[in-house]
Amino acid sequence: MNFDWPFFWHYLLRPSTAYLNGLMLTLVLSVVAQTLGTALGLFAALGRMSRMAPLRLAMRGYIWIMRGTPLLVQIVFIYTGLAAGGIYRFEDVSLGILTIPGNVQAGLVALSLNEAAYMAEIIRAGISSVDPGQTEAAKSVGMTYALLMRRIVLPQAARFVVPPLGNEFNAMLKNTTLVSVIGVPELLLTTETLTSATFRVFELYSVVALYYLTLTTLWGVVQSRIELRFGEPSQQAKAGSGFGERFFGSVLSGAVRKKA
Amino acid sequence: MTGAAENILASVGGLPEASTDEVVRAIDVRKSFGPLQVLKGVSLTVRRGEVVVIIGASGSGKTTFVRCLNHLEKIDSGRILVNGHLIGYREVAGRLVEDRERNIARQRREIGMVFQRFNLFQHKTALGNVIEAPVHVLGIPKAEAIAMGCTLLSRVGLADKTDAYPSQLSGGQQQRVAIARSLAMKPRLMLFDEPTSALDPEMIGEVLEVMRELAREGMTMIVVSHEMGFAREVADRMVMMDDGQILEEGPPEQFFRNPAHKRTQAFLSKIL
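Line by line, the protein sequences are chains A and B. The opening position of the first sequence corresponds to residue 16 in my numbering, with each subsequent residue numbered one higher. The opening position of the second sequence corresponds to residue 24 in my numbering, with each subsequent residue numbered one higher.
Since the hints were made in silico from the structure, they are not lab data. Only a predicted model underlies this, so the values are computations on that prediction, with no experimental measurement involved. Every residue, glycine too, gets a C-beta built ideally from N, C-alpha and C. Don't take every hint at face value.
Pairwise CB distance ranges (calculated) [stated by the list, open to error]:
no., chain 1, residue 1, chain 2, residue 2, range
1, B, Arg118, A, Asp107, 56 to 66 angstroms
2, A, Leu35, B, Arg125, 16 to 26 angstroms
3, A, Arg71, B, Arg118, 44 to 54 angstroms
4, A, Val196, B, Ser55, 49 to 59 angstroms
5, A, Leu72, B, Ala170, 30 to 40 angstroms
6, B, Glu45, A, Gly148, 23 to 33 angstroms
Some but not every residue of chain A turned toward chain B, in silico, with C-beta under 8 angstroms [stated by the list, open to error]:
no., residue
7, Thr159
8, Thr232
9, Leu233
10, Val236
Over the 12 angstroms line for every Cβ pair with chain B, so calculated as not near, a few chain A residues [claimed, not checked]:
no., residue
11, Leu55
12, Arg71
13, Gly111
14, Thr150
15, Leu162
16, Ser221
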């Protein structure tokens, strides 16, 4: 077997700055796209369950298209397609010292819009899993739809949404590789660049695979901790009253305990 | 139950003032679920302080009727006035148009509802359930709401359960929390939809005791229930529903001793 072990160890343990930048970009893309996708997905889910038929239909159509076409196609369409069609061109945006290149913006938009469609279905299922009696009780004490969603239904739907959300983020970490086709220098494209310079495909792709495996493994640990916090409310009575409080409260108290 | 319920309404500042003597006025209410007509012209007036117990076989429309009274169900025709105002609808040129959500929500604040299956907010403690709407709907300061909620819970015999989650409470305890949750909004009318039907027999008494005390304190109540002992003792008026209509109504004395309709007689003989 032609495997250059020293080369492999070198790139695994002492990655170049470009490589670390690629890793950073992968993380930032994943977190931002997942956050935006979840927020948009929430609105899409509510629209999908709306009493207004046109809105419901529009959201169904949106979900149908985004889930029914390849993400790779969507990425190219949004960045290259829209520009070529003279509809919209993503330009670099300068925020003081930080410049966000157009292709990164387009990648983020594509990943977020795609994720929103999947999250919409997950959140819709979560909301449907909450006993309708909860909604009726909330109405009977004078809550409006917006208030009862925010205070009663969504906090309970979170229990059903969190496990698949973790799954989605895991997939997102790997889906970011697709934006390499529009030249976003994330982890995979950085690897490809290195490969074409060194011709060490086997070694470098083993390295990048291990990097992704590390990311998803670390996330798995975080995910199982979050899921614990979203279990039966009575089981976590000690950890605080709100879900946020419970989660962050335990993280904080854990940190305090370690220091003490 | 530990300690009889007493002075429950005192903890929410006494019996809410009524704007009208007729708390409920339903006129010729009709409703269908698809091809099935469940309410075929129901008219009922309930005066302030009255306790009305509705009985009837399952499918007679009694639960649907009570749910219409706070617009959890829409109606097809007729009028329902609660506290002097049309509930759930505005009348435009003689036709009913569904009211804006905000207005419906505002009207529901004054109507308490207790469900067969309790429907406590599962992610909130007993106290959390009671203070949720006062804080987030009425905007009462949290400290004030907590003080009121604790008093209210102790008056229904749950002083030691304020921090318990619904899943840690028995059915009877959950239902008493549900009653306290409704009362925290200072309603002028309480609707009870088979409040003891989902309870084990030994827990029915503790819930009825709270309801009995509420009636004593002058709360206007409409109760769908087959607890005939409770009805005999507490009801001002009995209503028998059958096939989407009110078959007969009257004071319990007469109603139980000498029901006018054969169907009422037959029904009573089955459940008594």
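- Query: For this structure, which hints from the list above don't hold up?
  - Reply: 2, 3, 5, 8, 9, 10, 14, 15
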